[in-house]
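There are 2 protein chains.
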Amino acid sequence: MSLLVVGSIALDSIENHHGSVHDVLGGSAIYASVSASFLYDNVSIIGVVGKDFPKEHVKLLEKHRVNTSALQFADGQTFRWRGRYKNLNQAITLETHLNVFEKFNPVIPEELRNSPFILLGNIDPEIQLNVISQMQKPKIIAADTMNYWIIKKLDALMNMLQHIDILFINDEEIRLLTQEHYLYDASQKILSYGPKIVVVKKGEHDVMVVKKNFYFFAPGYPLKKVLDTTGAGDCFSGGFMGYLASHNKLTDKTLKQAAIMGTITSAFNVEGFSLDALTELSKEKIESRFNKLKKYTQFE
Amino acid sequence: MSLLVVGSIALDSIENHHGSVHDVLGGSAIYASVSASFLYDNVSIIGVVGKDFPKEHVKLLEKHRVNTSALQFADGQTFRWRGRYKNLNQAITLETHLNVFEKFNPVIPEELRNSPFILLGNIDPEIQLNVISQMQKPKIIAADTMNYWIIKKLDALMNMLQHIDILFINDEEIRLLTQEHYLYDASQKILSYGPKIVVVKKGEHDVMVVKKNFYFFAPGYPLKKVLDTTGAGDCFSGGFMGYLASHNKLTDKTLKQAAIMGTITSAFNVEGFSLDALTELSKEKIESRFNKLKKYTQFE
Numbered sequence: 001m002s003l004l005v006v007g008s009i010a011l012d013s014i015e016n017h018h019g020s021v022h023d024v025l026g027g028s029a030i031y032a033s034v035s036a037s038f039l040y041d042n043v044s045i046i047g048v049v050g051k052d053f054p055k056e057h058v059k060l061l062e063k064h065r066v067n068t069s070a071l072q073f074a075d076g077q078t079f080r081w082r083g084r085y086k087n088l089n090q091a092i093t094l095e096t097h098l099n100v101f102e103k104f105n106p107v108i109p110e111e112l113r114n115s116p117f118i119l120l121g122n123i124d125p126e127i128q129l130n131v132i133s134q135m136q137k138p139k140i141i142a143a144d145t146m147n148y149w150i151i152k153k154l155d156a157l158m159n160m161l162q163h164i165d166i167l168f169i170n171d172e173e174i175r176l177l178t179q180e181h182y183l184y185d186a187s188q189k190i191l192s193y194g195p196k197i198v199v200v201k202k203g204e205h206d207v208m209v210v211k212k213n214f215y216f217f218a219p220g221y222p223l224k225k226v227l228d229t230t231g232a233g234d235c236f237s238g239g240f241m242g243y244l245a246s247h248n249k250l251t252d253k254t255l256k257q258a259a260i261m262g263t264i265t266s267a268f269n270v271e272g273f274s275l276d277a278l279t280e281l282s283k284e285k286i287e288s289r290f291n292k293l294k295k296y297t298q299f300e
Numbered sequence: 001m002s003l004l005v006v007g008s009i010a011l012d013s014i015e016n017h018h019g020s021v022h023d024v025l026g027g028s029a030i031y032a033s034v035s036a037s038f039l040y041d042n043v044s045i046i047g048v049v050g051k052d053f054p055k056e057h058v059k060l061l062e063k064h065r066v067n068t069s070a071l072q073f074a075d076g077q078t079f080r081w082r083g084r085y086k087n088l089n090q091a092i093t094l095e096t097h098l099n100v101f102e103k104f105n106p107v108i109p110e111e112l113r114n115s116p117f118i119l120l121g122n123i124d125p126e127i128q129l130n131v132i133s134q135m136q137k138p139k140i141i142a143a144d145t146m147n148y149w150i151i152k153k154l155d156a157l158m159n160m161l162q163h164i165d166i167l168f169i170n171d172e173e174i175r176l177l178t179q180e181h182y183l184y185d186a187s188q189k190i191l192s193y194g195p196k197i198v199v200v201k202k203g204e205h206d207v208m209v210v211k212k213n214f215y216f217f218a219p220g221y222p223l224k225k226v227l228d229t230t231g232a233g234d235c236f237s238g239g240f241m242g243y244l245a246s247h248n249k250l251t252d253k254t255l256k257q258a259a260i261m262g263t264i265t266s267a268f269n270v271e272g273f274s275l276d277a278l279t280e281l282s283k284e285k286i287e288s289r290f291n292k293l294k295k296y297t298q299f300e
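Protein chains in written order, with our numbering: chain A, 1 to 300; chain B, 1 to 300.
Some clues are possibly wrong.
One copy or two, it doesn't matter: identical chains are merged, so the pair holds either way.
As the list claims (entries may be wrong) - Once the Cα atoms are required to be at most 30 Å apart in a straight line, the calculated DSSO-like pairs of lysine-lysine come out as:
(1) K202 <-> K253
(2) K294 <-> K249
(3) K59 <-> K196
(4) K212 <-> K224
(5) K86 <-> K253
(6) K224 <-> K189
(7) K283 <-> K152
(8) K295 <-> K86
(9) K295 <-> K211
(10) K55 <-> K224
(11) K294 <-> K153
(12) K202 <-> K224
Derived by calculation from the structure, the hints in this document are not laboratory data.
Extracted from the complex, chain A is given alone in its bound form (with noise of 0.2 Å):
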């Protein structure tokens, strides 16, 4: 009953005006997988690294229960990343190394080939409709995507849409993928290409959740100290498909709970560089926030 977390596992450096790091732990595999631990207790995760990933890294993983059995080592650097921060929410990409990323095939073992929760970061749709394509009829699969993809593989993400349930996705990219402003139209548009649900994130607005005939919106944690936004979006769908893989059912009230998971691991994430703040997360945290995101939203 696991969930797969399929993505992009890399060694970032980032500036920004609170400080710099170089080549931490980062890429999209690894926040959502992380995230997803404190809500599931059966995560996988499918990427690939180099050579010269840190074995404390995969301690790391191991010690918040990431199955880590069908992480591939390749011959070669593992993917980087720079970039630098003009506020906390734009990066600017200083460089990027693909490395071993390059040329990621996910192969995904006989014994998850019957995971029936699948998050598929915004990694090549081509490499998305592969792992698809070799699972044995999941329950919900979940995919993220971004910019680059809509303007390079326009088809072949057309294409992925089809096969997924939910597309989380941010408001930038939904416009350019729909070529319409209001968010309303666009996500509708986006039902109609596919995915049952469309997660638009907004930044640090909140989060628009739509379905057939259903709207949720989950306001962005508030919070005193953000000192890195990177792997943000990715905490939030690794929470918000650990809470629904626990319920192992998407009703409307584990969707809309599960969008507020997203926004809890997400606004831990962004407390700390890398990974820092979110491992130092916790069952009685999440709660306590959930508790008070509650008092914030609700008015009866």
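The hints should help you fit chain B onto chain A, whose structure is shown.
Frame of chain A; chain B shown alone:
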């Protein structure tokens, strides 16, 4: 027990990609007072118009039971604004003719000086202070402001803030006023300036209400059709204050529900040019959207 609404009264000419209108009814006091009238039956408007102001507009106010006894008719032309929207959220001012509004000097009639509720639209902070000084121990004073006054009249604005209970401000303005990028830091700073409550309007996104040890988030009501966003902020504050006045108390619950009401009245307004859609509002329609917003935000 009047809610006093002080602000501009204008004849607007607006162009956007849905069409254009010429010399239609507008201005902060108009939008806010009509909006408030759906929630409270004792609203008084304080403003100035020229001799050219169409009688039908006065009749419209009276139809909505807005007390126009303090409306000033001055020699000259009514304030005119002409703007063009790039998208529906950002307007470029093409022409401003202050006309009679240039010498607007509100004199609160004796019988309204004991009004317990005051909403000061975004006019010169010196005029806002002048109005406050004429009042006898009001219960709740709320004010709006804008970039122009933050830049041109900061001292008067800071003085004004010490005399009000609630500040309505948008995300761009609060960043300018506090020099803080993060809305959490920015809103805490506003509380240190004087207001007990700050309401941050984030355009198409959600609204954040902050007071000491209190947060509340009201989502933007999801709309299929947005025709013209002129007056949206004023309709928000009008609905908000109308609701508080009708309950005659400021508790956590009335504060939250007031923000939801503001969201609703402002969402109705943007569905038409000028006050076309707003004036079609009814208690039933408000209640229907109130119940929908409950579903869209409550997760347990």
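Results of checking the hints against the structure:
Taking the shortest Cα distances, K202 and K253 sit within 30 Å of each other both inside one copy (21 Å) and across copies (27 Å). In this homomeric assembly, K294 and K249 come within 30 Å of each other (Cα to Cα) both inside a single copy, at 22 Å, and across copies, at 23 Å. With identical chains, the CA atoms of K59 and K196 are never at most 30 Å apart, being 36 Å at best within one copy and 49 Å at best between copies. Taking the shortest alpha-carbon separations for K212 and K224, only the inter-copy value of 14 Å comes in at or below 30 Å, while the best intra-copy value is 36 Å.
Proximity of K86 to K253 under the C-alpha cut-off of 30 Å is found in neither arrangement, the shortest distances being 38 Å within a copy and 39 Å between copies. For a Cα distance limit of 30 Å, the shortest separation of K224 from K189 across copies, 12 Å, qualifies, whereas the shortest one inside one copy, 36 Å, does not. In this homomeric assembly, K283 and K152 never come within 30 Å of each other (Cα to Cα): the closest approach is 40 Å inside a single copy and 50 Å across copies. Neither within a single protomer nor between protomers do K295 and K86 lie at most 30 Å apart by alpha-carbon distance, with minima of 33 Å and 37 Å respectively.
In this assembly of identical chains, the alpha carbons of K295 and K211 lie at most 30 Å apart whether taken from the same copy (25 Å) or from different copies (13 Å). For the identical chains of this complex, K55 and K224 are neighbours neither inside a copy (33 Å) nor across copies (52 Å), given an alpha-carbon limit of 30 Å. With identical chains, the CA atoms of K294 and K153 are never at most 30 Å apart, being 40 Å at best within one copy and 39 Å at best between copies. Both within a single protomer and between protomers do K202 and K224 lie at most 30 Å apart by alpha-carbon distance, with minima of 19 Å and 18 Å respectively.
Violation of the numbered hints given earlier is confined to hints 3, 5, 7, 8, 10 and 11; the remaining hints are satisfied by the structure.
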